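Student: For chain A, the structure is supplied; the task is to place chain B on it using the hints.
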Amino acid sequence: MRSPREPLFLARQSYRRRRIEDAARLLPLLGVVLFLLPLMVGGAIGSVRVAFVFSSWFFLILSAFVLARHLGRDAGQRPTGSQSAPDGPSDDPAGPR
Amino acid sequence: MLTFNTLVGVCLLYVIMLFVVAFVADKRARRSKVRFLTSPMIYTLSLSVYCTAWTFYGAVGNAARSGLEYVTIYLGPTLVMIGWWWFLRKLVRVGRSQRVTSIADLVSSRYGKSNLLGVLVTLIAVIGTTPYIALQLQSVTLSFAVFARDRSAGWVIPDLEQTAIWVAGGLALFTILFGTRNLDVNERHHGVVTAIAVEAVVKLVALMAVGIFVVWGIGGGAQGISAAMEQAIQAAPEGAWSLQGGRWVGLTFLSAAAFLTLPRMFQVLVVENVDERQLATASWAFPLYLFLMSLFVIPIAVVGLAILPKGENPDLFVLTLPLYFEQDGLAMLAFLGGFSSATSMVIVASIALATMVSNHIIMPIWLSTRLGVGASEYRDARQILLSARRLSIVGILALGYFYYRISGGGAALAAIGLISFAGVAQVLPAMAGGLFWRGASRSGAVAGLITGFAIWAYTLFLPSFGEAGVMSAAMLADGPWGIAALRPQALFGVDGLDPVVHALFWSLILNCAVFVLISLLSFPSPLERLQAAQFVNVLDHSGPTRGRSFNAATSEDLLVMAQQIMGSDQAQAWFQAQAEQQGKQGYLPDTTPDFIGRLERELSGLVGTATAHAMIAQILGGATVSVDDLLAVADETQQMLEQTSQMEAKQLELTTTARQLSEVNEKLTQLSIQKDAFLSQISHELRTPMTSIRAFSEILRDGGADDPEAAARHASIIHDESVRLTRLLDDLLDLSVLENGQVQLYPRREVVRDVLDRAIAATSSVIDQEKMHIHRNRSDEGIALYTDTDRLAQVFINLISNAAKYCDAKDKRLAIRVRQRGGRLQVDFVDNGSGVPLESQSMIFEKFSRLSDQAAAGGAGLGLAICREIMDKLDGSITYLPGQSGAAFRVTLPIGTHSPFGRTSSLGINHL
Numbered sequence: 001m002r003s004p005r006e007p008l009f010l011a012r013q014s015y016r017r018r019r020i021e022d023a024a025r026l027l028p029l030l031g032v033v034l035f036l037l038p039l040m041v042g043g044a045i046g047s048v049r050v051a052f053v054f055s056s057w058f059f060l061i062l063s064a065f066v067l068a069r070h071l072g073r074d075a076g077q078r079p080t081g082s083q084s085a086p087d088g089p090s091d092d093p094a095g096p097r
Numbered sequence: 001m002l003t004f005n006t007l008v009g010v011c012l013l014y015v016i017m018l019f020v021v022a023f024v025a026d027k028r029a030r031r032s033k034v035r036f037l038t039s040p041m042i043y044t045l046s047l048s049v050y051c052t053a054w055t056f057y058g059a060v061g062n063a064a065r066s067g068l069e070y071v072t073i074y075l076g077p078t079l080v081m082i083g084w085w086w087f088l089r090k091l092v093r094v095g096r097s098q099r100v101t102s103i104a105d106l107v108s109s110r111y112g113k114s115n116l117l118g119v120l121v122t123l124i125a126v127i128g129t130t131p132y133i134a135l136q137l138q139s140v141t142l143s144f145a146v147f148a149r150d151r152s153a154g155w156v157i158p159d160l161e162q163t164a165i166w167v168a169g170g171l172a173l174f175t176i177l178f179g180t181r182n183l184d185v186n187e188r189h190h191g192v193v194t195a196i197a198v199e200a201v202v203k204l205v206a207l208m209a210v211g212i213f214v215v216w217g218i219g220g221g222a223q224g225i226s227a228a229m230e231q232a233i234q235a236a237p238e239g240a241w242s243l244q245g246g247r248w249v250g251l252t253f254l255s256a257a258a259f260l261t262l263p264r265m266f267q268v269l270v271v272e273n274v275d276e277r278q279l280a281t282a283s284w285a286f287p288l289y290l291f292l293m294s295l296f297v298i299p300i301a302v303v304g305l306a307i308l309p310k311g312e313n314p315d316l317f318v319l320t321l322p323l324y325f326e327q328d329g330l331a332m333l334a335f336l337g338g339f340s341s342a343t344s345m346v347i348v349a350s351i352a353l354a355t356m357v358s359n360h361i362i363m364p365i366w367l368s369t370r371l372g373v374g375a376s377e378y379r380d381a382r383q384i385l386l387s388a389r390r391l392s393i394v395g396i397l398a399l400g401y402f403y404y405r406i407s408g409g410g411a412a413l414a415a416i417g418l419i420s421f422a423g424v425a426q427v428l429p430a431m432a433g434g435l436f437w438r439g440a441s442r443s444g445a446v447a448g449l450i451t452g453f454a455i456w457a458y459t460l461f462l463p464s465f466g467e468a469g470v471m472s473a474a475m476l477a478d479g480p481w482g483i484a485a486l487r488p489q490a491l492f493g494v495d496g497l498d499p500v501v502h503a504l505f506w507s508l509i510l511n512c513a514v515f516v517l518i519s520l521l522s523f524p525s526p527l528e529r530l531q532a533a534q535f536v537n538v539l540d541h542s543g544p545t546r547g548r549s550f551n552a553a554t555s556e557d558l559l560v561m562a563q564q565i566m567g568s569d570q571a572q573a574w575f576q577a578q579a580e581q582q583g584k585q586g587y588l589p590d591t592t593p594d595f596i597g598r599l600e601r602e603l604s605g606l607v608g609t610a611t612a613h614a615m616i617a618q619i620l621g622g623a624t625v626s627v628d629d630l631l632a633v634a635d636e637t638q639q640m641l642e643q644t645s646q647m648e649a650k651q652l653e654l655t656t657t658a659r660q661l662s663e664v665n666e667k668l669t670q671l672s673i674q675k676d677a678f679l680s681q682i683s684h685e686l687r688t689p690m691t692s693i694r695a696f697s698e699i700l701r702d703g704g705a706d707d708p709e710a711a712a713r714h715a716s717i718i719h720d721e722s723v724r725l726t727r728l729l730d731d732l733l734d735l736s737v738l739e740n741g742q743v744q745l746y747p748r749r750e751v752v753r754d755v756l757d758r759a760i761a762a763t764s765s766v767i768d769q770e771k772m773h774i775h776r777n778r779s780d781e782g783i784a785l786y787t788d789t790d791r792l793a794q795v796f797i798n799l800i801s802n803a804a805k806y807c808d809a810k811d812k813r814l815a816i817r818v819r820q821r822g823g824r825l826q827v828d829f830v831d832n833g834s835g836v837p838l839e840s841q842s843m844i845f846e847k848f849s850r851l852s853d854q855a856a857a858g859g860a861g862l863g864l865a866i867c868r869e870i871m872d873k874l875d876g877s878i879t880y881l882p883g884q885s886g887a888a889f890r891v892t893l894p895i896g897t898h899s900p901f902g903r904t905s906s907l908g909i910n911h912l
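Which chain is which? The protein sequence lines are A and B, in order. Numbered according to the numbering used here, the first sequence spans residues 1 to 97. Numbered according to the numbering used here, the second sequence spans residues 1 to 912.
Looking at chain A on its own, in the form it has when it is part of the complex (with noise of 0.2 Å):
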């Protein structure tokens, strides 16, 4: 059911976009095989693994706040539904306004 008038060819922010929701869909590939070369080495865990594994892990966390910056500003500036108000009865995140 997806719409069949999807432009081919995007303008340039819109594209710089995809490319963002790209990168986000990577980077969890990127952690896995981060955490899965320490496995490559053998032999006991010296403080040079243990440092490998946290700034790996540090590194994952401040590539997701430079992709969540610029996917989040987007999702704020499209609500998708809901508002932010959601207590109230008559909040229908998908109902027709």
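Treat the hints as calculated values from the structure; they're not laboratory data. None of these values were measured; they are calculated from a predicted model. Hints should not be assumed to be uniformly reliable.
[Stated by the list, open to error] Here are the simulated SDA-like cross-link-like pairs (lysine to any residue), alpha carbons at most 25 Å apart as the crow flies: (1) B:Lys90 with A:Ile20; (2) B:Lys90 with A:Arg18; (3) B:Lys310 with A:Gly46.
Tutor: Just chain B, lined up with the frame of chain A:
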């Protein structure tokens, strides 16, 4: 010195503070001041219910025993959170658009609002979570015991079970007060969430304070910790600090799965979510929180191992280290941190479970006892719903307490954390499949859940009770009835794995396999397919659900029922708003499918999807979506498409009409110009002979022509001019008669040759005068005609005299050729002149069109116009033939069946 009373007092103060925070937040929420309460930070902090006392205390113990492995419990959720765009965003969107109240509700709603699935998931959740609650009780009582042990001199050793009862009771009270205080349509609990956020801060601050104290207070900074770590690795048993690939990957995956499927996590992650910005912030802030929570775990563990006497329980290093160094304040803070972790987990978990139990087990049972009753019978529904919630909370906490009592609170309980994770993770295939695969069906989900749950119970849960439990040592070692392939911890001979990873692997693999296989084989019901489309495509269109139309239902019945569940004021306000939206006054909107859909979603926020669906169906009398309803939905789309194409067609039509109109308009303008030209032409034509007649008659009257010869000449000029005038008027009259169709035809049978002879005879004077030769082939002209030959002769005369007058050759010749072509007669008149120039060919048949004045002596330029009119009347035509030796005209007419003439003549007669 800490005394037991101080400890209890601080605990009480802390709990009172939580009550106040929750109370204030609830009050603000009721006054709709939710901006602060729904801020992304509060949301992020509330996610920290993931970090329970098990992780608060247990992470250090885990690190002390097996090194880095403890981070896997945090890495899983980190991966899920930073991948929010891919999974969580969809989950949260579905949760919001479908008014999902719990994970059981989500699964039940996705698979056709099936209550069976709701019950299944609820059972799994209860069985998986109860031991976990017991674990929290244990950790709180253990931490009490630590204080008691160390200060036994001044303390009455508290009864551990007594403590557990008090804690459980207190938690039940808090949860009931703030968790079931309001029956909110969104199932959101601002008070609880805010209290949880405060507890999250306490946890973090406590752990970090202990960590900072350990690292810089007693551990000697980073250098010292590093050294202590090396020492710990040296001292540790062989292999304890090496990473086991299976466990590392398996536990990371397990924690990620549990993060999504644990009832309490689903509650704070999805149900309490208000908008997407919260998720965007939490995507980095919550991993950061986890990062900070785990940063000091290894330092505390290694320093504890190095400093504290052997045999000290590493699970309690967070408490015992400060106590060992007589840091009572810090120990107090650490205790509060652990206490916070335990309480927040228990509160949220019991709310989530109570919602599930009351919505999917108690309410359906209650509903089924009053099958087939009207709306007014829901009189006490709201009260029953609240009571069911409260009862469920008490029941769940009691279960947890009894589990704690029975298990004896030993080390067996400590292992239950991962076991519990693995149990609830069984919901993951049904959930993820439901969100991303439209083919996932109810049967598949049920079969997968049961399979996964059974294998989990067989390979992990039951063996966890130890050899004294359900499974004997012999059965664990050799399998049931000695079948080695069925050994619980080495299923199908796979014995190289850690028990948890082993169970996780088999349960999830088989769960997925059965789920996919049955889904592929089964055929879902219409309602299921409808829901599947809405779930899977939620990001494409968060549009409303539509479908059913009910005739019999009166909105009054619905209002009565809704009042019982939502409360009178709220229900009335909501109905009024709906009616207003439909443009109606009062409280009773029309029961349109749209309205029904919204009411159902509204109610499902209170009682769960399946129950709301059942309740409405009970009143409306239609329990399922029929294929017709689905078709109606499909039709709507189809209609939209059709309407669009119709609009396009209409637009095209309009464009065509507009073009036609403009053409007609142009024609009209041209006609008007023609008319004006005609009038001026005609007056000119009449005026010229008139002028000369007047002039010569004046001369005659005034006796200006004495000479009789001149007088005769003048009179003859007057005569000629009058004749010309008369001819002009005749022509005009003829033309107007012809154009108006008021002409009577007298058809008769005659041979073409005779008609031509007559015409040549009539024009002989002009022919002789111009010395024109006429070439005929008389043998061709023997074709008999049935038509008005007099009129035809008139046309011929005109053409012959035209040729005589206008042919500009020296030696004028006219060829007349007669032919018969397919029942039609063709007569061509071709002269040897220079012909008609191309640009004039189209206008020679117009009135008063004369190409030049060179032979003005002739007619007024009406001849060819008259010819064309005549030929029209005779059902024939006259055209100019280009490309001949000179001017060439072709006359075509039917040879003469009677009918066309009969019709034409009768028409003519009618006009007369």
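Student: Does each hint hold? Answer for all of them.
Tutor: Status of the hints after comparison with the structure:
The hinted pair formed by B:Lys90 and A:Ile20 meets the criterion: a straight-line CA distance of about 17 Å does not exceed 25 Å. At roughly 17 Å between alpha-carbon atoms, B:Lys90 and A:Arg18 fall within 25 Å of each other, so this suggested pair holds. Taking the CA atoms of B:Lys310 and A:Gly46, the gap is about 23 Å. The hint holds against a cut of 25 Å.
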